[in-house]
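Here the protein sequences come in this chain order: R and Y.
Residue numbering for the first sequence follows the working numbering, starting at 1 and increasing by one per position.
Residue numbering for the second sequence follows the working numbering, starting at 1 and increasing by one per position.
It is worth saying that the hints were derived from the structure and are not from the lab.
There could be a bad hint or two in this list.
Under 8 angstroms between C-beta atoms, here's a sample of chain Y residues computed to sit facing chain R [claimed, not checked]:
hint	residue
1	29
2	203
3	206
4	246
Stretch-level coverage of chain R by chain Y, calculated; a stretch enters the list once three of its residues show a Cβ under 8 angstroms from a Cβ in chain Y [unchecked claim]:
hint	region
5	198-208
6	293-299
To spell it out: a stretch of chain Y is covered by chain R in this simulated footprint if at least three of its residues, at any positions, have a beta carbon under 8 angstroms from a beta carbon of chain R; those stretches are [unchecked claim]:
hint	region
7	63-74
8	143-154
Just so it is clear, the structure is predicted and the values come from calculations on it, not from any experiment.
Note that the Cβ used here is the ideal one computed from N, Cα and C, for glycine as well.
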Amino acid sequence: MKLDRRRFVISAAGLAVGGMTTARLLPEEMLLRDRRLRRSRVAIVSAEQYSERLEELLLSGLREFRLNLRAKSVLLKPNLVEYIAGVEVNTNPVLVGAAAEAFLKLGAKSVVVGEGPGHQRDTYLVLAESGLAAQLRSQKISFVDLNRDELFKVPLRATYTGLEHLWLPRTVLQSDFVVSMPKIKTHHWAGVTLSMKNMFGVVPGTKYGWPKNVLHWKGIHRSILDICATAPMHFVIADGVVAMEGNGPLHGSHRHLGKIVLADDPVAADFTCARLMGLNPHAVWHLDRAAHFLGNGSHDRIDLIAEGLPQKTVPFDVLPEFVSLQTPV
Amino acid sequence: MDTAPVIRVVQEILESRQSRKGAWGFGSDQDAVEPTCLVILALRHQPSVYVERALDTLENLQNRDGSWPAFLGDEPEGCWTTAPVVLSLMATRREAGSVHRGIQWLLNARSREANWLWRWKLRTVDNSVQFDPSKFGWSWISGTTSWVVPTAFTLIALQQASKRGFCRSAHLRERVELGTSMLLDRMCPGGGWNSGNRVAFGVPLAPHIDTTSIALLALTRHEEEQGVQRSLQWLVNRLAGCPSPYSLAWGVLAIAAYRGISLEAREGLRGRAQELMRLTENVASIEDNCTLAVCALALEAMSGDSVFDVRT
Chain R
1 MKLDRRRFVI SAAGLAVGGM TTARLLPEEM LLRDRRLRRS RVAIVSAEQY
51 SERLEELLLS GLREFRLNLR AKSVLLKPNL VEYIAGVEVN TNPVLVGAAA
101 EAFLKLGAKS VVVGEGPGHQ RDTYLVLAES GLAAQLRSQK ISFVDLNRDE
151 LFKVPLRATY TGLEHLWLPR TVLQSDFVVS MPKIKTHHWA GVTLSMKNMF
201 GVVPGTKYGW PKNVLHWKGI HRSILDICAT APMHFVIADG VVAMEGNGPL
251 HGSHRHLGKI VLADDPVAAD FTCARLMGLN PHAVWHLDRA AHFLGNGSHD
301 RIDLIAEGLP QKTVPFDVLP EFVSLQTPV
Chain Y
1 MDTAPVIRVV QEILESRQSR KGAWGFGSDQ DAVEPTCLVI LALRHQPSVY
51 VERALDTLEN LQNRDGSWPA FLGDEPEGCW TTAPVVLSLM ATRREAGSVH
101 RGIQWLLNAR SREANWLWRW KLRTVDNSVQ FDPSKFGWSW ISGTTSWVVP
151 TAFTLIALQQ ASKRGFCRSA HLRERVELGT SMLLDRMCPG GGWNSGNRVA
201 FGVPLAPHID TTSIALLALT RHEEEQGVQR SLQWLVNRLA GCPSPYSLAW
251 GVLAIAAYRG ISLEAREGLR GRAQELMRLT ENVASIEDNC TLAVCALALE
301 AMSGDSVFDV RT
């Protein structure tokens with residue numbers, strides 16, 4: 001068959017349309033580079049309460065990972081949402097302080113704490129009322145308001161929201177070692193809020209508002225995936241000493257888990273946290289998808305280097321729309 | 001209470017922190033529109049090279065459609081900062097062209113609930129937060145729903161635009177009325193405002209000090225509304241012992257605006273202003289320029305001079 005110019009143009013256009021259609025029908029993660037570690041390491045550490053012993057526990061847990069932190073700048077990103085008297089909403093200040101001290105002892109050049117609360121514009125008020133300001137002051141650790149930091153435009157490394165780029169804070173992009181420090185909680189929109197959802201706090205209010213509403217409209221799970229594929233996150237220390245169940249992340253009930261979860265892979269960390277909560281991680285859309293390209297979810301690719309998962313767990317209470325999460329893990 | 005020396009010190013610090021581009025950041029190197037506007041307002045009574053340079057910077061930053069971006073280097077998409085810029089330009093009696101274009105953009109800006117399809121969706125499917133989507137105001141950025149702070153700032157800007165004769169159209173009156181109804185609808189059950197929702201998943205949300213204060217400043221012409229009075233009462237009670245100068249300063253601004261009609265506001269005002277003076281004793285240690293500017297504006301309001309006044 002003779003390939004004249006007309007036939008060539010039509011065939012090329014057909015191929016392009018066909019290619020684009022196929023690409024749109026494929027799950028996004030099939031088009032993304034597989035960034036999973038060969039094996040991920042997770043340490044479940046028992047901690048009955050927030051006490052001075054946490055630093056020792058963290059140091060011993062962190063040493064198992066043999067991290068090279070020499071001359072590295074460390075950013076701790078706790079979950080600092082709102083202050084509600086008597087309710088464990090935020091990552092506990094004692095744990096944040098212990099993590100800062102532990103990283104310094106392991107040779108880090110500097111440790112700063114940064115967060116950009118989603119609803120509360122007065123970051124300092126939450127910092128002061130939650131007790132984190134006093135904790136950091138006593139240890140001479142600096143705090144950066146990520147909602148108001150210098151911003152850089154970063155192309156997205158995933159395609160779930162359809163946004164092409166995000167503006168991200170300088171402190172996040174220039175830190176050598178970013179540690180997500182979530183509070184283990186259920187979440188009324190996302191099912192759970194763990195190390196990946198915690199990274200919503202690096203998206204700056206200056207650009208996206210309070211709350212970061214555009215991300216909610218793009219889909220909370222999709223936004224979590226794009227943020228976590230794009231913003232650096234090297235390690236996780238999850239606060240499950242006192243966790244939250246039910247109508248989290250603000251109005252749930254306390255659940256004493258007595259655990260801290262350390263991990264070198266956020267996906268593996270979140271899968272493990274979900275399993276500790278007695279919830280099925282595969283039923284959480286962003287976790288299930290993340291396990292296809294961003295990190296490890298399956299048991300056979302996660303090394304539990306400290307304690308094992310309990311034989312039996314009583315599932316965390318969830319809102320009715322999330323009962324599917326309570327299906328057997 | 002002699003607030004003038006403190007105000008002057010704050011102003012001098014702010015002047016010294018102006019960037020080479022003629023703007024201010026929150027505290028970092030990123031020049032941004034919100035802090036620049038608040039600082040201009042704090043310095044407005046003393047014509048100076050600082051204010052002139054800042055106004056030039058803002059005018060050069062205006063987008064073609066009349067709006068303003070969030071910060072220097074941002075994409076040319078309009079956002080909520082258009083309202084504080086319009087306020088700043090009007091307060092400094094700046095050239096009318098850019099103000100008119102800014103006002104026009106605000107009048108045409110419609111949050112997501114303005115679309116009937118989204119209203120229907122918010123009423124039927126997305127009903128885990130309870131609000132009336134037919135009452136809408138302004139959003140932080142285009143394509144999203146109404147929130148309290150952008151709506152309150154825009155209401156202040158539009159009411160001042162009308163008061164100062166920049167625009168007295170029926171369209172402006174309609175948008176102010178609609179925006180006011182949105183604020184009243186989104187009020188927390190016990191008074192005050194969270195960021196934009198009153199109840200989520202069946203649980204009433206707690207108000208925030210700064211959001212409540214800015215909303216109250218926008219609603220001073222509705223002082224007889226029970227909800228407004230309840231919110232004022234909540235604010236007066238909540239402000240005592242507030243450790244943050246930013247929230248406390250917004251609270252003082254709001255309480256000062258209502259001292260004429262509320263005994264509680266009048267009685268609480270002096271004490272809160274003294275607390276603010278105490279929190280600003282080591283003023284140079286406050287890195288956030290918005291906080292400094294709002295502190296200066298709050299102390300200024302003690303003498304009856306409020307830049308956010310919308311009463312006729």
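Hint check: 8 angstroms Cβ-Cβ cutoff, residue 203 of chain Y to chain R | Since chain R brings a Cβ to about 4 angstroms from residue 203 of chain Y, closer than 8 angstroms, the hint holds.
Interface hint for residue 246 of chain Y, Cβ within 8 angstroms of any Cβ on chain R | With a minimum Cβ separation of about 5 angstroms from chain R (threshold 8 angstroms), the hint on residue 246 of chain Y holds.
Three residues minimum, CB to CB under 8 angstroms: does the region 293-299 of chain R make the cut for coverage by chain Y? Let me know.
-> violated (count 0)
For the hint on residue 29 of chain Y, does the least C-beta distance to chain R fall short of 8 angstroms?
-> Where the cut-off is 8 angstroms and the nearest Cβ of chain R is about 5 angstroms from residue 29 of chain Y, the hint holds.
Against chain R, is residue 206 of chain Y within 8 angstroms by beta-carbon distance?
-> For residue 206 of chain Y, the interface hint holds, since the closest Cβ of chain R sits about 7 angstroms away, which is under 8 angstroms.
Would you say the region 143-154 of chain Y counts as covered by chain R, given the rule of at least 3 residues with C-beta under 8 angstroms?
-> holds (count 6)
Within 8 angstroms of chain Y (C-beta), three or more residues of the region 198-208 of chain R = holds (count 3)
Verify the coverage statement for the region 63-74 of chain Y against chain R, using a C-beta to C-beta distance below 8 angstroms and requiring 3 or more qualifying residues.
-> With 4 residues closer than 8 angstroms to chain R, the region 63-74 of chain Y meets the three-residue bar; holds.
In this structure, the one hint that does not hold is number 6.
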